[in-house]
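Could you put the whole structure together from the sequences, leaning on the hints where they help?
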Amino acid sequence: MTFSLRARYAIDSVPINQLHGSSSAVDAEKELEFFFPEEKTFALIKPDAAKTHKGKAVFTDVNISTKDLQRTLQVKQAGFSISKVKEQALTREMAAQFYKDHEGKPFFEDLVNCMTAGPSVVMVLSKENAVEEWRQLMGPTDPEEAKKVSPESIRAQFAHDILSNAVHGSSNPEHAMKSIAFAFGELDAYWFPQGPEKHLHCLFIFFLDVF
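Residue numbers (UniProt numbering): 1 to 211.
One should not assume that every hint holds.
[Unchecked claim] In the DSS-like style, the derived pairs of lysine-lysine whose C-alpha atoms are separated by at most 30 Å in a straight line are: (1) K178 - K127; (2) K30 - K105; (3) K105 - K178; (4) K147 - K127; (5) K178 - K86; (6) K86 - K30; (7) K148 - K51; (8) K100 - K147; (9) K86 - K100; (10) K51 - K100; (11) K51 - K178; (12) K147 - K51; (13) K127 - K100; (14) K127 - K86; (15) K84 - K127; (16) K51 - K30; (17) K127 - K51; (18) K148 - K127; (19) K30 - K100; (20) K86 - K147; (21) K84 - K178; (22) K51 - K105; (23) K51 - K86; (24) K148 - K30; (25) K84 - K100; (26) K147 - K105; (27) K148 - K105; (28) K100 - K178.
[To be verified] Estimated spans, in silico, between C-beta atoms of each pair: (29) E103 - K30: 40 to 48 Å; (30) D161 - F182: 23 to 31 Å; (31) E31 - Q97: 35 to 43 Å; (32) K178 - E109: 19 to 27 Å; (33) E33 - E103: 31 to 39 Å.
Calculated directly from the structure, the hints in this document are not laboratory data. Don't be surprised by glycine CBs; every beta carbon is placed ideally from N, CA and C.
What follows is the structure, encoded as C-alpha cells:
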C-alpha cells in the first residue's frame, strides 16, 4: 500500500497530481521569491555616524570580519536580509545628484557638506514591507522629535541634528529602486545574486569610540 500524499489525495478524474514540492534548493528559492516576494529598500549610514559610532553592518555569518570591533554601544536586531553592502565616500557631484530633490533649498549646501565629510556605509535591505520598517527603525528625521516619539530608534540615540541624523532610507519602493541603481548600478536594482549572503540577518551595531 502506498502512503505518499500524492497517492492518498489523487483525484481519479484529474490526470495531474494535486501536490507540488520544490525539486531542489535552487528551485525552492525561486518559487519562494515568486509567491512571497520580498520588498527591497536602500539604507545608508551617514559619514558622521559611521565615524563617531564606528557604524557597521555586522552579519551573523563569517563573511564580515569583526576583529577590529570594540565595545558594543547598542545592538539592533533588524531582521532584514542583506543583498548588498559597501563603504563608499560620496563626491560632491554624487551627493548633489543623490539629493537632487532638495536642490535650491536653504539647507542643500550643508546637506552636501554633511554627506561628503567621510565614507558612508550603503546597503540594500530585503524583507516584507522593507521600506516602511526601515523608516520606523530609523525614526523621525529630526532627532529631537525622534527622542520624544520613538526613543528606541536609531536617530533618537545616535543623531546629532536634523542634517547629521545618522541614517538615510528610501521614502517609497520607487525611490528605493532609483537609489539602489545609483549606488550599485542599474542591474542590481532589479536582480540580486542568489546565495547564502541573501539569507544573512543583519545586526546594526554602533560602537563607542574606545580606541
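Output the indices of the hints that this structure fails to meet, ascending. Hint check: 2, 16, 19 and 24 fail, others pass.
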